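Colleague: Here's the letter readout for the chains.
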Amino acid sequence: MSRVTFQSLILRLQSFWAERGCMIETPMDLEVGAGTMHPATYLRVLGPEPWNVAYVQPSRRPADGRYGENPFRLGKHYQFQVILKPSPLEVQEMYLDSLRAIGLDLTKHDIRFEEDNWESPTLGAWGVGWQILLDGMEITQFTYFQQAGGIDLAPISAEITYGLERLTMFLARESSVFDIEWGAGFGYGPVRQQDEFEFSKYYFETADVDMHWKLLDIYEGEARRCLDAKLVLPGYEWTLKCSHVFNTLDARGAVSVTERVGVIKRVRDLAVRCAGQFLQSREALGFPLMDRKIS
Amino acid sequence: MAEYFFELLVEEIPAWMHDAAKSALQEKLGKLVESLSVPADSSSVCINTTPRRIAFMLAKLPLREEDREQEVKGPPKKSAYAADGAPAPALIGFLKKNGAAVEDILDSTDEYVRIRRKIAGRETADMLQERIPEVIQSLRWPKMMRWGAGEHLYIRPIHSIISLLDGAHLPIEMFGIKSGTTTPGHRTLAPAPLEISSYNDYVTRLELARVVVDATRRRHVMAERARVLAAEVRGTPSIDAAIWSQWQYLSEYPGVVRAEFRPEYLALPEEVLVTVMRVHQKQLPIRGADGKLTNYFLAVLDNDGDPEGNAAYGNSFVTNARFADARFFYETDRRKTLAERVESLSHLQFQEKLGNYLDKTRRIERIATAICAAIKLDPAETGEAARLSKADLGTEMVKEFTDLQGRIGGIYAREEGKPDAVWQAIYDHYQPMNLDDALPRGLAGAVVSLADRMDTLTGFFAIGFKPTGSKDPFALRRAAQGVVQLLLNRDKREVKIGIDTLLALAIAAHGASASAAKDDLLAFFAERVRTILEASAWGFAYDEIAAAMESGWASSLTDLVDRIDALKGVRGDANFLSILDSAKRIANITAGHDSTQVEPALLTEPAEKRLNELAATVSDQIDDMIAERHYRMALESFAAMAPELETFFKDVMVNVGDEAVKTNRMSLLRKAGGAVMKIADVTKIVVDRRDYRS
Numbered sequence: 001m002s003r004v005t006f007q008s009l010i011l012r013l014q015s016f017w018a019e020r021g022c023m024i025e026t027p028m029d030l031e032v033g034a035g036t037m038h039p040a041t042y043l044r045v046l047g048p049e050p051w052n053v054a055y056v057q058p059s060r061r062p063a064d065g066r067y068g069e070n071p072f073r074l075g076k077h078y079q080f081q082v083i084l085k086p087s088p089l090e091v092q093e094m095y096l097d098s099l100r101a102i103g104l105d106l107t108k109h110d111i112r113f114e115e116d117n118w119e120s121p122t123l124g125a126w127g128v129g130w131q132i133l134l135d136g137m138e139i140t141q142f143t144y145f146q147q148a149g150g151i152d153l154a155p156i157s158a159e160i161t162y163g164l165e166r167l168t169m170f171l172a173r174e175s176s177v178f179d180i181e182w183g184a185g186f187g188y189g190p191v192r193q194q195d196e197f198e199f200s201k202y203y204f205e206t207a208d209v210d211m212h213w214k215l216l217d218i219y220e221g222e223a224r225r226c227l228d229a230k231l232v233l234p235g236y237e238w239t240l241k242c243s244h245v246f247n248t249l250d251a252r253g254a255v256s257v258t259e260r261v262g263v264i265k266r267v268r269d270l271a272v273r274c275a276g277q278f279l280q281s282r283e284a285l286g287f288p289l290m291d292r293k294i295s
Numbered sequence: 001m002a003e004y005f006f007e008l009l010v011e012e013i014p015a016w017m018h019d020a021a022k023s024a025l026q027e028k029l030g031k032l033v034e035s036l037s038v039p040a041d042s043s044s045v046c047i048n049t050t051p052r053r054i055a056f057m058l059a060k061l062p063l064r065e066e067d068r069e070q071e072v073k074g075p076p077k078k079s080a081y082a083a084d085g086a087p088a089p090a091l092i093g094f095l096k097k098n099g100a101a102v103e104d105i106l107d108s109t110d111e112y113v114r115i116r117r118k119i120a121g122r123e124t125a126d127m128l129q130e131r132i133p134e135v136i137q138s139l140r141w142p143k144m145m146r147w148g149a150g151e152h153l154y155i156r157p158i159h160s161i162i163s164l165l166d167g168a169h170l171p172i173e174m175f176g177i178k179s180g181t182t183t184p185g186h187r188t189l190a191p192a193p194l195e196i197s198s199y200n201d202y203v204t205r206l207e208l209a210r211v212v213v214d215a216t217r218r219r220h221v222m223a224e225r226a227r228v229l230a231a232e233v234r235g236t237p238s239i240d241a242a243i244w245s246q247w248q249y250l251s252e253y254p255g256v257v258r259a260e261f262r263p264e265y266l267a268l269p270e271e272v273l274v275t276v277m278r279v280h281q282k283q284l285p286i287r288g289a290d291g292k293l294t295n296y297f298l299a300v301l302d303n304d305g306d307p308e309g310n311a312a313y314g315n316s317f318v319t320n321a322r323f324a325d326a327r328f329f330y331e332t333d334r335r336k337t338l339a340e341r342v343e344s345l346s347h348l349q350f351q352e353k354l355g356n357y358l359d360k361t362r363r364i365e366r367i368a369t370a371i372c373a374a375i376k377l378d379p380a381e382t383g384e385a386a387r388l389s390k391a392d393l394g395t396e397m398v399k400e401f402t403d404l405q406g407r408i409g410g411i412y413a414r415e416e417g418k419p420d421a422v423w424q425a426i427y428d429h430y431q432p433m434n435l436d437d438a439l440p441r442g443l444a445g446a447v448v449s450l451a452d453r454m455d456t457l458t459g460f461f462a463i464g465f466k467p468t469g470s471k472d473p474f475a476l477r478r479a480a481q482g483v484v485q486l487l488l489n490r491d492k493r494e495v496k497i498g499i500d501t502l503l504a505l506a507i508a509a510h511g512a513s514a515s516a517a518k519d520d521l522l523a524f525f526a527e528r529v530r531t532i533l534e535a536s537a538w539g540f541a542y543d544e545i546a547a548a549m550e551s552g553w554a555s556s557l558t559d560l561v562d563r564i565d566a567l568k569g570v571r572g573d574a575n576f577l578s579i580l581d582s583a584k585r586i587a588n589i590t591a592g593h594d595s596t597q598v599e600p601a602l603l604t605e606p607a608e609k610r611l612n613e614l615a616a617t618v619s620d621q622i623d624d625m626i627a628e629r630h631y632r633m634a635l636e637s638f639a640a641m642a643p644e645l646e647t648f649f650k651d652v653m654v655n656v657g658d659e660a661v662k663t664n665r666m667s668l669l670r671k672a673g674g675a676v677m678k679i680a681d682v683t684k685i686v687v688d689r690r691d692y693r694s
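Chains as they are written, first to last, in our numbering: chain C, 1 to 295; chain E, 1 to 694.
This is chain C alone, in the form it adopts within the complex (with noise of 0.2 angstroms):
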């Protein structure tokens, strides 16, 4: 196969996952920290309607951040998603297949599913799965969604998230994230390594402390006033944006022990209440998408 980039990685997961009856869908168009942030997942996993999604996910965690320097960690990666909803019973099978597709000849790789259960406080959700080892490094996160919201899940969800830079160093044998390329010849690090050495400074040296706990309060007030109107979605956009400046609190080290509970108790509050809500407008609206007709 010629040289894995990582929009080769992107387009052939896109369209393998198309194939076996995925709907392509975009990035959420705000800072999220993972994939599952995406309403696409932690709102759709809930209720009876079936469900099959792919996606890219930029995802934003400032403490990762490690200014360009090191050839692993990065503030900001990309994830590729995708929720299957109910979980068929041959998922397994069909993550293998995804593998051979990205070019993979299973017989010479040491392939191992070893447990790692998953579970967010701040959005009241925790499912059961495995890491999923490529030749010992862990390439994707699977887990069988078993709560969101603080809610009870059925039917259940599989989630496959895909660590693409991970996957794509290694497809390549670089031993640098910044040496990938990304694609049509352009390399990761000079389209990405500015970037990941701006954001470190900021969440690391520069942020506004004083300024993000009022923007918490603020978008916490705005999120309570779209719930309490029944907007759910909108009330759900500003609990992302509340989960974002606390974690950029947090990176700036600004959050106390004591703090810190507190405001994951103030977002989770906010994501349980989204949760349920969605759920009760899915169904005013009949669960439109229980007739969905598959071509």
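Treat each hint with caution, since some may be false.
To spell it out: a stretch of chain E is covered by chain C in this simulated footprint if at least three of its residues, at any positions, have a beta carbon under 8 angstroms from a beta carbon of chain C; those stretches are [as the list claims (entries may be wrong)]:
no.: 1; region: 8 to 16
no.: 2; region: 145 to 155
no.: 3; region: 177 to 191
no.: 4; region: 300 to 307
no.: 5; region: 321 to 332
Partial list, computed: chain E residues near chain C (C-beta under 7 angstroms) [to be verified]:
no.: 6; residue: Asn310
no.: 7; residue: Ala311
no.: 8; residue: Val318
no.: 9; residue: Ser346
no.: 10; residue: Gln349
no.: 11; residue: Gly469
Since the hints were made in silico from the structure, they are not lab data. Source: prediction; values computed, not measured. Backbone N, C-alpha and C define an ideal beta-carbon position, used for all residues, glycine too.
Since chain C is already given, all that's left is putting chain E on it; use the hints.
Modeller: Just chain E now, with coordinates in the frame of chain C:
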């Protein structure tokens, strides 16, 4: 004789759950086999698991259950027969229902008609069809999940079931899946379905399809491979039972790969390297002939080899990435000394009401210094260790590898050139983490560990956080257990101090308001002491512990152990009953009476005069023995007084009208028996008198 074979194909079961699941299954299947009247021996139930499979074979089954007889109670005799003695409708109906005749009625002595009914044993096949799904579905896993539509709850989604009785398919159904006779081979190396006819067939066919069914064999294969791969680089794999017990359940086709990391990372502290490899990567370090770490390590494979070197590359890649981060942390951390870090602990909250870690550090130092004063230890080194004990909490290394807290501080202190006693005390002060864990290697470490734990316990109790039932979010039971373990120790690290003194020092460090928690804390410690002594290698019985604790425990736990040990020693002696009986009678008669002041002029009876003389000498001897902690001798001396006490009880009346005489006699009994009560309240010992008959 029949053989039953079963396989459940599931998605990957967490490695750490296999052993417990196997023993639960062993027990359930053993009962099932026994219910067929076959004694279940080691060969009759054979269980194997792989990451994706739970398989078992039941051997030597009868073709059907044995017939049984059962007595059935019928109607009362009164209503069973008409006046002429003919069967009444109640009896006729009862017999008909049970398929019995009048001849089957038993001679019963009570007022009911009884018959004996024959129950034909079921075909083994029928029984298995009913019971196997029950057995599998009733297995409880530590964390269960739902999948798909969500109707079923199990460890992981179920894919297929094989159910064979003597080679023939015995249909069963569970989790919405009907059994069959095929199973796939290895997931990626040989996934085609295999037709299975028996257990032996299963083992053989799967082996050809790259699945080794037996976990022990997988482990042996991996262990041998690990040895060879390590020997190729003139090393040996680290001995690590925890890794091996995981590896055997992480692979169906056992293999091991050797990989390496960049040699420059060997400059990192060994503890960090080992933690990254073992805990984060489930890898096994390779040590050289000198016992030192090499830059080679081993990783598990679900394949018997790595011909293209992919797994070696991947494992090296990920381990180098981890070490790159670790080195970044290490270099960042070393820009500041531990002492420079102490003040910034004020930014790290310990508990809202108990302040930050700087507050905690100051209390630990204060308590540790006070302990040193109490045990006459120069406080310089212990105090410094206490002051630096929490400084590593602000390091990047501990933020990343939290389970290395304490040890990282110890390593950094060592690199700063602190004396052994100081860096070791920092390094060790979280020990013991559990009942099997080692104690700190020096006295300073033991003192800091005690001070830290006493501070935590006293603090949390003072603000009303006590563990209840299974809720113990701050691990206070473990903290108290550690205190008890430390105080039970008697070698060069023995901290000769009682829990009562420790509590007083900790309360002083927290301020007077904490003293309200004292009684609760004492009760909490008493419970830990009982639990630990009962579970200890000494093999003390509950009543021995309770009896000795009744005579005090909080001032010295090693003394408590000596007293329990004495009690345990004498309780089997022939004269123990006389110790017990005398003590009981004294306790009963003198309840509420404490004085041992005997007025000789008031003694009239010969028996009480003799007892008084004896008590005067023996009690003093016993007191001396107790002072020298010769508790067993003391108890035996008391036993020697027993005949005189018996005579006293026979000849002398204590409860007499003359109050002065009565009080005097009670004092005499106290004088004779009181010393023993300093060792233990022997009346708490439960005896079976038959054991003492000669």
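Colleague: All the hints need checking, so say for each whether the structure fits it.
Modeller: Structure-based check of each hint:
With a threshold of 8 angstroms between beta carbons, the proposed coverage of the region 8 to 16 of chain E by chain C holds, since 5 of its residues qualify and at least three are required. Only when three residues or more bring their CB closer than 8 angstroms to a CB of chain C does the claim for the region 145 to 155 of chain E stand; here the count is 6, and the claim holds. Counting residues of the region 177 to 191 of chain E whose beta carbon lies closer than 8 angstroms to any beta carbon of chain C gives 3, which reaches the threshold of three, so the coverage claim holds. Only residues whose C-beta sits within less than 8 angstroms of a C-beta in chain C count toward coverage, and the region 300 to 307 of chain E has 6 of them, enough to reach three; the restraint holds.
Judged by the Cβ-Cβ criterion of 8 angstroms, the region 321 to 332 of chain E is covered by chain C as claimed, because 4 of its residues qualify and three suffice. Against a cut-off of 7 angstroms between C-beta atoms, the interface hint on Asn310/E holds, since the closest Cβ of chain C lies about 5 angstroms away. The interface hint given for Ala311/E is met, as the beta carbon of that residue sits about 4 angstroms from the closest beta carbon of chain C, less than 7 angstroms. Look at Val318/E: its Cβ gets to within about 4 angstroms of chain C, closer than 7 angstroms, so that hint holds up.
Hint on Ser346/E is violated. Least Cβ distance to chain C is approximately 10 angstroms, over the 7 angstroms limit. Interface restraint check: Gln349/E against chain C, minimum CB-CB distance 4 angstroms, threshold 7 angstroms, status holds. With a cut of 7 angstroms, the hint placing Gly469/E at the interface with chain C is violated, because the nearest CB-to-CB distance is about 23 angstroms.
Of the numbered hints stated above, those contradicted by the structure are hints 9, 11, listed in ascending order.
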